[in-house]
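Take a look at the letters that make up each chain.
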Amino acid sequence: MNIIISNSSDEPIYQQIVKQIKNLIIKGELAENEMLPSIRTLAKELQISVITTKRAYQELENEGYIVTVQGKGTFVAAQNKELLKENQLKMVEEKLTEAVEAGKAIHLTLEEMQEILKVIYEEG
Amino acid sequence: MFQLILKDILLLKKIFLFAAAYIIVMMFLKEDSAVVFFVSVIVVTYMLILSACAHDDKNKADILLNSFPLTRRTVVMARYCSIFVFSVIAIMYYLVIAHILQMTGLSAQAHSVSLENVAAALCAVIFINSVYFPVFFKFGYIHSRLVSFILFFGTFALAPAFFEQADHPLVRDVIHYFPHLSEGKGMAIVAAVMMFLLAVSFFFSLQFYRKREF
Amino acid sequence: MEPILEVRNLRKEFQGFSLKNVSFTLEKGYIMGFIGPNGAGKSTTIKLIMNLIHKDGGEIKVFGLDNVKYEKEIKERIGFVFDENYFYDELTISEVKRVVAPLYRKWDNELFHKYIKEFSLPLKKKIKHLSKGMKMKLSLAIALSHHAELLIMDEPTSGLDPVIRSELLDILFTFIQDENKSVFFSTHITSDLDKIADYITFINDGEIIFSCPKDEIAENYGLVKGPKELLHSDIQQYLIGVKENQFGFEALVKDKQKIKRMAGDNIIVEKPSLEDIIVCFQRGM
Numbered sequence: 001m002n003i004i005i006s007n008s009s010d011e012p013i014y015q016q017i018v019k020q021i022k023n024l025i026i027k028g029e030l031a032e033n034e035m036l037p038s039i040r041t042l043a044k045e046l047q048i049s050v051i052t053t054k055r056a057y058q059e060l061e062n063e064g065y066i067v068t069v070q071g072k073g074t075f076v077a078a079q080n081k082e083l084l085k086e087n088q089l090k091m092v093e094e095k096l097t098e099a100v101e102a103g104k105a106i107h108l109t110l111e112e113m114q115e116i117l118k119v120i121y122e123e124g
Numbered sequence: 001m002f003q004l005i006l007k008d009i010l011l012l013k014k015i016f017l018f019a020a021a022y023i024i025v026m027m028f029l030k031e032d033s034a035v036v037f038f039v040s041v042i043v044v045t046y047m048l049i050l051s052a053c054a055h056d057d058k059n060k061a062d063i064l065l066n067s068f069p070l071t072r073r074t075v076v077m078a079r080y081c082s083i084f085v086f087s088v089i090a091i092m093y094y095l096v097i098a099h100i101l102q103m104t105g106l107s108a109q110a111h112s113v114s115l116e117n118v119a120a121a122l123c124a125v126i127f128i129n130s131v132y133f134p135v136f137f138k139f140g141y142i143h144s145r146l147v148s149f150i151l152f153f154g155t156f157a158l159a160p161a162f163f164e165q166a167d168h169p170l171v172r173d174v175i176h177y178f179p180h181l182s183e184g185k186g187m188a189i190v191a192a193v194m195m196f197l198l199a200v201s202f203f204f205s206l207q208f209y210r211k212r213e214f
Numbered sequence: 001m002e003p004i005l006e007v008r009n010l011r012k013e014f015q016g017f018s019l020k021n022v023s024f025t026l027e028k029g030y031i032m033g034f035i036g037p038n039g040a041g042k043s044t045t046i047k048l049i050m051n052l053i054h055k056d057g058g059e060i061k062v063f064g065l066d067n068v069k070y071e072k073e074i075k076e077r078i079g080f081v082f083d084e085n086y087f088y089d090e091l092t093i094s095e096v097k098r099v100v101a102p103l104y105r106k107w108d109n110e111l112f113h114k115y116i117k118e119f120s121l122p123l124k125k126k127i128k129h130l131s132k133g134m135k136m137k138l139s140l141a142i143a144l145s146h147h148a149e150l151l152i153m154d155e156p157t158s159g160l161d162p163v164i165r166s167e168l169l170d171i172l173f174t175f176i177q178d179e180n181k182s183v184f185f186s187t188h189i190t191s192d193l194d195k196i197a198d199y200i201t202f203i204n205d206g207e208i209i210f211s212c213p214k215d216e217i218a219e220n221y222g223l224v225k226g227p228k229e230l231l232h233s234d235i236q237q238y239l240i241g242v243k244e245n246q247f248g249f250e251a252l253v254k255d256k257q258k259i260k261r262m263a264g265d266n267i268i269v270e271k272p273s274l275e276d277i278i279v280c281f282q283r284g285m
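Chains as they are written, first to last, in my numbering: chain H, 1 to 124; chain B, 1 to 214; chain S, 1 to 285.
Among the hints, a few may not be true.
[To be verified] The calculated DSS-like cross-link candidates involving lysine-lysine, where the alpha carbons are at most 30 Å apart (straight line), are:
1) Lys42(S) <-> Lys243(S)
2) Lys271(S) <-> Lys54(H)
3) Lys225(S) <-> Lys260(S)
4) Lys61(S) <-> Lys13(B)
5) Lys258(S) <-> Lys243(S)
6) Lys124(S) <-> Lys114(S)
7) Lys85(H) <-> Lys72(H)
8) Lys22(H) <-> Lys90(H)
9) Lys260(S) <-> Lys54(H)
10) Lys228(S) <-> Lys22(H)
11) Lys28(S) <-> Lys195(S)
12) Lys13(B) <-> Lys128(S)
13) Lys128(S) <-> Lys14(B)
14) Lys60(B) <-> Lys69(S)
15) Lys58(B) <-> Lys132(S)
16) Lys117(S) <-> Lys60(B)
17) Lys60(B) <-> Lys106(S)
18) Lys28(S) <-> Lys14(B)
19) Lys60(B) <-> Lys47(S)
20) Lys228(S) <-> Lys260(S)
21) Lys13(B) <-> Lys117(S)
22) Lys126(S) <-> Lys114(S)
23) Lys124(S) <-> Lys42(S)
24) Lys28(S) <-> Lys72(H)
25) Lys114(S) <-> Lys211(B)
Hints are computed from structural coordinates only; laboratory data are not their basis.
Sequences and hints are given; from them, build the entire structure.
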């Protein structure tokens, strides 16, 4: 599991962590029931305050992404399959929106865009 | 508390060597073994105690010791105990060196030591430090150096003066009082007076040290 | 759960300086940075906690116990690392251990030797031949070897190079993995705290200006930079430590959202470092 934070970004560190862990879960890199590092371990490794990691985990738990079991640790919550799929689809939509806007800016037609999409999809 | 005395002993290694040298020199310089003993014990004890206090001052022991689980009472108590520890060491030193010198035949006289000699030396040591320590605990090492100096040299200046005044009625009474008592009783009275002096001194030292701010 | 360190309405008067109503709390499991300019009262506060000086009023509780009444019990459980002298110059490290170890009920000899090895401290060397960094590490080794629960550190990194300072931070991070332990770290080298501190207590001129989670400071306080005209506007009363140059001004504000609303696009608001905060407060309102 990779988490990289920026100290100089305007975005609060806890939010960066929340975003990155969310992404890892949505992408499936963090599996259901997989154990997450403790807030203290995370704080130590990232060299940040434990209050920050606590807050990040709190928010992730509030949004249902992770769950803390007293005495055992913190785990990736059993994801609501539909919600997960929905979030993953949302991510695809967001990326495609970006691509479409970039294409429109240089006046590509729908056909030209589809061509590019086909090449990339078949390549990967 | 014993740890504090151990600390002093570890720090005073060099002084022990110097003390031995001092005693040897004294033995060769002076004839009267009682005087040699008396002076040696006082001087050696003085050196040890003052060096220990100097080390504490140099290393900011007041602050350092405060960070350990030691009460100020323990710190003061350790100093008072060191009076006995160091004077016993001084006496042992003397006896060992005297013995060695005698065995090796280096010294002509037998430097024998009587119980009265030991008592007299202890009294002087106790007296000097009973006066010194309250000053030390109130003002710290640097500001009490003058007092220790005066006490130390004062004792040596006064002792002969005391004996020169042998004709003075009060002095005569004091000098004649002791031999007339049975040895045990005389010792007991002297011991009691010294203990009392120590207790009063300790009381004041403790009060002063407790109130101090670092 | 009771806090590990609690200071309430602490008062101490000297000639020309006084500590007024100093209050803050440190819970178990966290690191609190104690910052302020020189002469602000940091050392005085720590001396009061350690009972080196006597308070004129207020309350200090460590592990829930009064710091004067239970002085000995408390000191069994704390480790104190301070900047100036550490130990007797003439003693070797092993001699120091011989003197200090029996003073603690919970002394762990194996642990001590583990730290000696980890910190590469030469047992037979005299204290006076150790570098400043090694002396600090020795203090830490001793503090950790009696299973101290609270580390109180008074300017432990002054005069140390960045490498050692970073090593110290690593040691503290490891120490704090145990959520029953805490660190109280007084320093004017705030860059060390920017990373590690959970809470920051800022003292200035004998008074506590704030005591809060470090993240909150970044969220509320802001370093404002703007044109000089704004100095005569409404926002002036909120500016702390204004510094003018030929082309504009710079100042600290407590509530950056408010100032952003008031001044809008006319200003730039940046995240203040702890150093910025100290400097601005020292410049004054």
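Consistency of the hints with the structure:
A threshold of 30 Å between alpha carbons decides the hint, and for Lys42(S) with Lys243(S) the separation of about 25 Å falls inside it, so the pair holds. This hinted pair checks out: Lys271(S) and Lys54(H) have alpha carbons roughly 22 Å apart, not beyond 30 Å. At roughly 11 Å between alpha-carbon atoms, Lys225(S) and Lys260(S) fall within 30 Å of each other, so this suggested pair holds. Restraint check: the Cα-Cα separation between Lys61(S) and Lys13(B) comes to about 41 Å, which exceeds 30 Å; the hinted pair is violated.
With a C-alpha separation of about 20 Å, the suggested pair Lys258(S) and Lys243(S) falls inside the 30 Å cut-off, and the hint holds. For the hint pairing Lys124(S) with Lys114(S), the CA-to-CA distance comes to about 16 Å; that is within 30 Å, so the pair holds. Under the criterion of a C-alpha separation no larger than 30 Å, the hint pairing Lys85(H) with Lys72(H) is consistent with the structure, at around 28 Å. Of the supplied pair hints, the one linking Lys22(H) and Lys90(H) holds, its CA atoms being roughly 13 Å apart against a limit of 30 Å.
Of the pairs offered as hints, the one joining Lys260(S) and Lys54(H) holds, with about 29 Å between alpha carbons and a cut-off of 30 Å not exceeded. Taking the CA atoms of Lys228(S) and Lys22(H), the gap is near 44 Å; set against the 30 Å cutoff, the hint is violated. Only pairs whose Cα atoms come within 30 Å are accepted, and Lys28(S) paired with Lys195(S) is accepted, the gap being roughly 19 Å. Of the pairs offered as hints, the one joining Lys13(B) and Lys128(S) holds, with about 16 Å between alpha carbons and a cut-off of 30 Å not exceeded.
Restraint check for Lys128(S) and Lys14(B): the C-alpha separation of about 16 Å stays at or below 30 Å, so the hint holds. Our distance criterion of 30 Å between C-alpha atoms is met by Lys60(B) and Lys69(S), whose separation comes to about 24 Å. Taking the CA atoms of Lys58(B) and Lys132(S), the gap is about 17 Å. The hint holds against a cut of 30 Å. Our distance criterion of 30 Å between C-alpha atoms is met by Lys117(S) and Lys60(B), whose separation comes to about 28 Å.
The straight-line distance between the Cα atoms of Lys60(B) and Lys106(S) is roughly 25 Å, inside the 30 Å bound, and the hint therefore holds. For the given pair, Lys28(S) sits about 46 Å from Lys14(B) by alpha-carbon distance, which is inconsistent with the 30 Å threshold. Annotation: proposed proximity of Lys60(B) to Lys47(S) holds, straight-line Cα distance about 14 Å (limit 30 Å). Between the alpha carbons of Lys228(S) and Lys260(S) the distance comes to roughly 16 Å, so the proposed pair stays at or under 30 Å and holds.
Straight-line distance between C-alpha atoms of Lys13(B) and Lys117(S) comes to about 28 Å, which keeps the hinted pair within the 30 Å bound. Using a Cα cut-off of 30 Å, the hinted pair Lys126(S) and Lys114(S) holds, with the two alpha carbons roughly 20 Å apart. Only pairs whose Cα atoms come within 30 Å are accepted, and Lys124(S) paired with Lys42(S) is rejected, the gap being roughly 35 Å. Distance check on the hinted pair: Lys28(S) and Lys72(H) sit about 20 Å apart at the alpha-carbon level, within 30 Å; holds.
For the proposed pair Lys114(S) and Lys211(B), the alpha carbon gap of about 40 Å is over 30 Å, so the pair is violated.
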